[in-house]
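Sequences and hints are given; from them, build the entire structure.
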Amino acid sequence: MKARVTVTLKAGVLDPQGQAIEGSLKGLGFSGVASVRQGKVFDLVLDGASEEEARIAITQMCEKLLANTVIENYAVEISN
Amino acid sequence: MKARVTVTLKAGVLDPQGQAIEGSLKGLGFSGVASVRQGKVFDLVLDGASEEEARIAITQMCEKLLANTVIENYAVEISN
Amino acid sequence: MTIPNDTAITPQLVADHGLKPDEYQKILDLIGREPTFTELGVFSAMWNEHCSYKSSKKWLRTLPTQGPRVIQGPGENAGVVDIGDGQAVVFKMESHNHPSFIEPYQGAATGVGGILRDVFTMGARPIAAMNALRFGAPEHEKTQHLVSGVVAGVGGYGNSFGVPTVGGEVEFDARYNGNILVNAFAAGLADTDKIFYSKAEGVGLPVVYLGAKTGRDGVGGATMASAEFGDDIDQKRPTVQVGDPFTEKRLLEACLELMATGAVIAIQDMGAAGLTCSAVEMGAKGDLGIELDLDRVPVREAAMTPYEMMLSESQERMLMVLHPDKEAEARAIFEKWELDFATVGRTTDDLRFRIRWHGDEVANLPIKELGDEAPEYDRPWIAPQAPVPLATNDIPQMDVADALLKLMGGHQLSSRRWVYEQYDTLIQGNSLQTPGGDAGVVRVEGHPIKALAFSSDVTPRYCEADPYEGGKQAVAECWRNLTATGADPLAATDNLNFGNPERPEIMGQLVRAIEGIGEACRVLEFPIVSGNVSLYNETNGRGIMPTPTIGGVGLIPDWTHLARIAFAGQNQPILLIGAPPAWGTHLGQSIYLRDLFERKDGPAPHVDLVHEKKVGDFVRGLIRAGTATAVHDLSDGGLAAGLAEMAIASGIGATVSQLEGYDPIPVFFGEDQGRYLVTVALDAQSEAFHDLLNEAAVHGIFAPWIGTTGGTDLVLGNARPVAVADLRSAYEGWFPNYMAGQ
Amino acid sequence: MKSAVVVFPGLNRDSDMIAALTKIGGTPPAVVWHQDATIPDVDLIVIPGGFSYGDYLRAGAIAARSPIMDVIRERSEKGVRILGVCNGFQILTEAGLLPGVLMRNASLKFVCREVKLEVANADTVFTRGYTAGQVIRCPVAHHDGNYFADPETLARIEDNGQVAFRYADGTNPNGSIHDIAGVFNADKSVLGLMPHPENLIESAHGGIDGRGLFNGLLDAVA
Ligand SMILES: Nc1ncnc2c1ncn2[C@@H]1O[C@H](COP(=O)(O)OP(=O)(O)O)[C@@H](O)[C@H]1O
Ligand SMILES: [Mg+2]
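Protein sequences, first through last, are from chains F, Z, C and U. Residue numbering for the first sequence is 1 to 80, as defined by the UniProt record's numbering. Residue numbering for the second sequence is 1 to 80, as defined by the UniProt record's numbering. Residue numbering for the third sequence is 1 to 742, as defined by the UniProt record's numbering. Residue numbering for the fourth sequence is 1 to 222, as defined by the UniProt record's numbering.
Since the hints were made in silico from the structure, they are not lab data. Because the structure is a prediction, the values reported are computed rather than measured. Don't take every hint at face value.
Stated by the list, open to error - Mimicking DSSO-like on lysine-lysine, the simulated pairs with C-alpha atoms at most 30 Å apart in a straight line are:
no.: 1; chain 1: C; residue 1: 20; chain 2: C; residue 2: 368
no.: 2; chain 1: F; residue 1: 26; chain 2: U; residue 2: 109
no.: 3; chain 1: U; residue 1: 109; chain 2: F; residue 2: 64
no.: 4; chain 1: F; residue 1: 10; chain 2: U; residue 2: 109
no.: 5; chain 1: C; residue 1: 58; chain 2: F; residue 2: 26
no.: 6; chain 1: Z; residue 1: 40; chain 2: F; residue 2: 64
no.: 7; chain 1: U; residue 1: 23; chain 2: C; residue 2: 194
no.: 8; chain 1: F; residue 1: 40; chain 2: Z; residue 2: 2
no.: 9; chain 1: C; residue 1: 285; chain 2: C; residue 2: 58
no.: 10; chain 1: C; residue 1: 326; chain 2: F; residue 2: 40
no.: 11; chain 1: C; residue 1: 57; chain 2: C; residue 2: 285
no.: 12; chain 1: Z; residue 1: 40; chain 2: C; residue 2: 20
no.: 13; chain 1: F; residue 1: 64; chain 2: U; residue 2: 23
no.: 14; chain 1: C; residue 1: 58; chain 2: C; residue 2: 199
no.: 15; chain 1: Z; residue 1: 40; chain 2: Z; residue 2: 26
no.: 16; chain 1: Z; residue 1: 64; chain 2: F; residue 2: 64
no.: 17; chain 1: F; residue 1: 64; chain 2: Z; residue 2: 26
no.: 18; chain 1: C; residue 1: 142; chain 2: F; residue 2: 40
no.: 19; chain 1: Z; residue 1: 2; chain 2: Z; residue 2: 26
no.: 20; chain 1: C; residue 1: 199; chain 2: C; residue 2: 326
no.: 21; chain 1: Z; residue 1: 64; chain 2: C; residue 2: 142
no.: 22; chain 1: C; residue 1: 368; chain 2: C; residue 2: 199
no.: 23; chain 1: C; residue 1: 57; chain 2: C; residue 2: 26
no.: 24; chain 1: U; residue 1: 188; chain 2: Z; residue 2: 10
no.: 25; chain 1: U; residue 1: 188; chain 2: F; residue 2: 10
no.: 26; chain 1: F; residue 1: 26; chain 2: Z; residue 2: 26
no.: 27; chain 1: Z; residue 1: 40; chain 2: F; residue 2: 2
no.: 28; chain 1: Z; residue 1: 26; chain 2: F; residue 2: 40
As the list claims (entries may be wrong) - Restraint-style ranges between C-beta atoms, simulated for each label pair:
no.: 29; chain 1: U; residue 1: 107; chain 2: Z; residue 2: 53; range: 31 to 41 Å
no.: 30; chain 1: F; residue 1: 69; chain 2: Z; residue 2: 35; range: 23 to 33 Å
no.: 31; chain 1: F; residue 1: 27; chain 2: C; residue 2: 191; range: 24 to 34 Å
no.: 32; chain 1: C; residue 1: 697; chain 2: U; residue 2: 27; range: 52 to 62 Å
no.: 33; chain 1: C; residue 1: 139; chain 2: U; residue 2: 107; range: 21 to 31 Å
We put the beta carbon where it would ideally sit given N, CA and C, even for glycine.
Pasting the structure below:
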């Protein structure tokens with residue numbers, strides 16, 4: 001079972017990395033960039049679990065570790 | 001125009017981040033985790049460009065800045 | 001003996017392994033049959049320039065490597081030098097040039113990781129690091145990206161590992177456009193009776209693999225490091241090695257803990273050509289064979305071939321020979337630190353290097369010959385021609401104040417703060433002098449007043465003009481920088497970065513530079529105890545400047561008498577100790593000519609080694625006696641730059657106006673060697689001051705009183721006063737502005 | 001006064017902190033490995049700086065989820081003082097023992113230099129070695145020290161005197177909101193700060209401004 005967790009900053013939370021990248025992109029001449037926000041992805045491989053069980057486990061992983069829910073949102077996508 | 005760029009490590013490249021997270025998840029009792037690889041996402045907002053133009057621009061951004069193509073792959077997804 | 005082999009060994013495959021036809025013939029003669037693919041890989045790793053030193057060995061042997069304090073010279077993972085009280089300093093410098101050009105962050109990071117491992121493999125806890133960096137011209141399209149990646153990588157690894165970076169160098173020159181240099185230095189502290197070596201002892205003992213798992217990282221890397229770059233670099237690219245400082249930190253703690261148990265008989269880190277080099281070295285040094293079972297090697301990826309496992313350059317790995325009765329204890333330590341621990345082989349008495357995999361023997365080679373019988377070349381060389389002296393009437397003029405401001409705000413002399421503020425310079429709590437002075441200084445943990453000084457130096461443009469003088473100068477400048485803090489220079493490590501040795505002009509540079517280094521080390525009693533050679537630093541047939549970086553270590557018996565470069569107060573006389581009668585004379589190869597007039601002509605400055613030693617010993621005496629209040633040696637940019645650096649560091653100005661009747665340009669910008677600026681807290685009219693001048697004269701040292709500190713301007717002769725504040729903003733401005741793209 | 005230093009794998013300023021506590025307090029602290037089941041009876045628990053678990057997920061995130069943190073939380077509830085410096089601060093915020101988060105420096109670069117700190121609240125056991133408004137020197141060395149909190153949290157900690165130190169005289173090295181360099185929990189029994197007072201406690205360090213923190217603390221709980 002494979003899954004991808006995407007963790008992004010909540011709206012309103014400062015994103016120094018995104019800002020710096022936005023600045024660099026403009027510096028490189030990409031004038032149309034209105035905003036950049038940076039986040040993380042985690043590609044997980046899970047041993048033998050049903051999609052249902054996997055989703056529950058991954059949600060717990062996000063709550064407990066993968067995301068800092070004070071400032072971050074997460075989304076879980078399960079493939080096969 | 002919104003776009004998401006996902007940057008992941010090429011196969012075979014060591015991922016110390018992923019390894020540390022994998023270890024931590026196991027320590028937290030998530031025994032079914034077979035592997036974790038960490039990557040990045042960039043959520044971009046672009047001013048007035050066609051999807052075609054946006055895709056070309058973003059590909060250039062990836063090549064030039066967003067991805068380190070020596071060790072990373074990237075994927076571009078454009079929404080609306 | 002037959003060993004199954006499914007890969008045909010073609011001349012092309014041999015060539016792809018960097019082996020010349022006659023070298024391959026030598027392999028056939030040695031083993032009496034065609035090598036297997038894995039064996040070919042093993043030979044290519046052991047016999048390439050990087051591991052075998054085949055072009056340089058003949059000349060390296062001429063270097064002085066002994067001294068009363070030397071415990072271990074070249075030949076081990078790092079040199080070991082006695083610092084008294086039962087302790088030793090363990091140090092080495094190593095290059096990671098090619099990987100850093102391909103992937104600057106990871107290349108530099110793994111360079112730092114590699115050198116730290118060399119040091120703690122010997123049983124020493126790392127206490128200081130330096131990095132000598134050379135990039136292409138600032139305006140070259142790749143330079144800024146490479147600077148930011150390399151500096152982030154050096155910091156990323158060293159900071160996380162937890163070693164203070166206390167010094168280094170950064171230079172820019174178009175000759176490094178396609179081939180940057182990243183030379184990393186590390187030093188550690190160990191008890192003299194607890195040094196660990198790579199020589200295996202005892203038959204039938206377990207060979208144990210420790211640390212991180214093996215992946216396909218850098219397979220072919222050592223071969224690449226010994227090949228020229230061309231435009232097809234992308235095709236040659238192996239999987240880039242990624243550094244994992246967290247694992248390295250655990251490896252350090254686990255190794256030191258394990259060493260303390262007495263379980264370790266021999267230890268070798270896996271560097272270039274990982275498992276191959278480390279296993280062969282341990283066996284060959286101990287006159288033992290080694291048998292490896294690759295099925296037991298911890299791997300990170302599925303379906304790795306023996307060839308890949310033997311040549312993998314995955315980082316953060318070690319190989320040890322352990323006392324069999326301590327194996328369980330050792331395993332427990334590694335498990336505590338969550339590191340891999342696997343017994344992968346044993347020592348044998350048959351002097352063979354055997355590799356088993358999936359029940360087959362995939363290699364069976366004579367272990368001594370793999371190392372000792374590596375080809376050694378006496379490559380043809382031609383002595384370079386020394387440039388003609390500058391004509392006496394050929395000194396381009398410029399306003400002294402303008403020239404100084406321009407130079408202090410230029411790429412060569414400006415502050416490296418942008419770089420070293422990305423490095424943790426304070427961790428471990430022992431840093432007495434962080435970057436920005438002549439040498440970094442850390443106190444010896446646990447000792448009330450002892451400290452160690454570190455400096456890294458070379459002036460490639462001098463080496464290019466005259467490799468012999470340049471080699472001498474690199475050693476002398478390093479020795480001088482250590483002396484300027486009050487340290488006794490103890491010993492040095494050298495990192496010889498050159499172009500393609502198969503070209504006689506380049507080989508000539510290497511030979512002459514080594515001769516110069518050797519001469520300087522002998523006269524200054526500053527032996528070379530470790531080092532590294534990096535050749536083939538060329539892109540499309542154009543070599544880098546010859547760059548023999550010297551990393552030196554000095555001992556300060558009492559750090560309460562540590563000299564710094566900042567002027568210490570107002571109204572203090574300034575002496576120029578070691579000066580020629582006209583203070584400064586030599587403009588050949590100077591920064592003044594190069595950076596203000598785009599001229600690279602004239603001879604390199606001459607280093608009078610006997611005079612150098614005498615002057616340095618005298619200056620050190622003034623520091624130890626508490627007479628000197630500030631000390632700075634003169635190097636790039638001469639007297640004017642030296643004074644400016646002392647003023648900027650303190651915010652105190654100076655007036656230097658005692659010399660009349662000389663052309664101010666050579667006086668202020670000449671790069672004559674062997675000179676120091678020293679201030680003293682004495683009244684210039686006092687008897688004590690005159691005694692001091694007399695003492696210098698008695699030693700045959702010209703030490704003119706050239707001016708006095710004070711005020712907020714630097715006044716050089718008849719030139720217009722320059723505000724120290726203006727000098728500082730020029731000095732501090734260049735690097736951040738450049739990196740911000742301005 | 002008894003103290004303990006908790007060490008996670010990857011921390012590297014533990015020896016600096018142990019040295020400071022020993023030199024100033026006179027007795028060495030107990031050193032607790034993260035896998036130890038318990039912490040000895042002490043008045044002060046310190047989490048020093050470094051890169052726990054490489055800081056590979058978010059700075060301090062993995063250490064903050066270790067079982068030993070439950071012990072620290074319990075002790076904190078019983079009134080034991082908790083100090084986190086640098087990575088220790090990041091761990092305490094990730095563990096929810098302190099408000100806010102520490103994000104990547106605005107420059108995106110690691111920064112090691114000396115800054116000025118203003119003592120924002122000197123009326124606590126941690127900061128009583130200083131006077132309110134006093135400006136001290138202190139080194140920083142970090143990659144993720146950019147303090148951030150949402151507007152309500154920020155207002156609450158400001159109103160409640162929970163800001164311990166602020167970067168002063170334009171020396172904010174990382175973009176922290178309100179120049180915040182260190183914060184307390186609501187009852188001021190837990191302090192986290194990014195700068196390293198333990199690296200400025202003796203003449204060899206070029207100054208002793210960092211001593212105030214240890215002096216005040218050691219006197220208070222002595
Ligand atoms: N890459 C670097 N890392 C750390 N410190 C550096 C680096 N480059 C230069 N420095 C420091 O900046 C100062 C000036 O360097 P340099 O001009 O090479 O000194 P010197 O002329 O005394 O050899 C020195 O203190 C040196 O250690
Ligand atoms: Mg110097």
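Right, here's what the structure says about each hint:
no., hint, verdict
1, 20(C) with 368(C), "holds (21 Å)"
2, 26(F) with 109(U), "holds (20 Å)"
3, 109(U) with 64(F), "holds (28 Å)"
4, 10(F) with 109(U), "holds (23 Å)"
5, 58(C) with 26(F), "violated (54 Å)"
6, 40(Z) with 64(F), "holds (20 Å)"
7, 23(U) with 194(C), "holds (28 Å)"
8, 40(F) with 2(Z), "holds (17 Å)"
9, 285(C) with 58(C), "holds (20 Å)"
10, 326(C) with 40(F), "violated (44 Å)"
11, 57(C) with 285(C), "holds (17 Å)"
12, 40(Z) with 20(C), "violated (45 Å)"
13, 64(F) with 23(U), "violated (38 Å)"
14, 58(C) with 199(C), "holds (23 Å)"
15, 40(Z) with 26(Z), "holds (22 Å)"
16, 64(Z) with 64(F), "violated (35 Å)"
17, 64(F) with 26(Z), "holds (12 Å)"
18, 142(C) with 40(F), "holds (28 Å)"
19, 2(Z) with 26(Z), "violated (36 Å)"
20, 199(C) with 326(C), "holds (19 Å)"
21, 64(Z) with 142(C), "holds (12 Å)"
22, 368(C) with 199(C), "holds (13 Å)"
23, 57(C) with 26(C), "holds (19 Å)"
24, 188(U) with 10(Z), "violated (47 Å)"
25, 188(U) with 10(F), "holds (28 Å)"
26, 26(F) with 26(Z), "violated (42 Å)"
27, 40(Z) with 2(F), "holds (17 Å)"
28, 26(Z) with 40(F), "holds (20 Å)"
29, 107(U) with 53(Z): 31 to 41 Å, "holds (32 Å)"
30, 69(F) with 35(Z): 23 to 33 Å, "holds (24 Å)"
31, 27(F) with 191(C): 24 to 34 Å, "violated (52 Å)"
32, 697(C) with 27(U): 52 to 62 Å, "holds (56 Å)"
33, 139(C) with 107(U): 21 to 31 Å, "holds (24 Å)"
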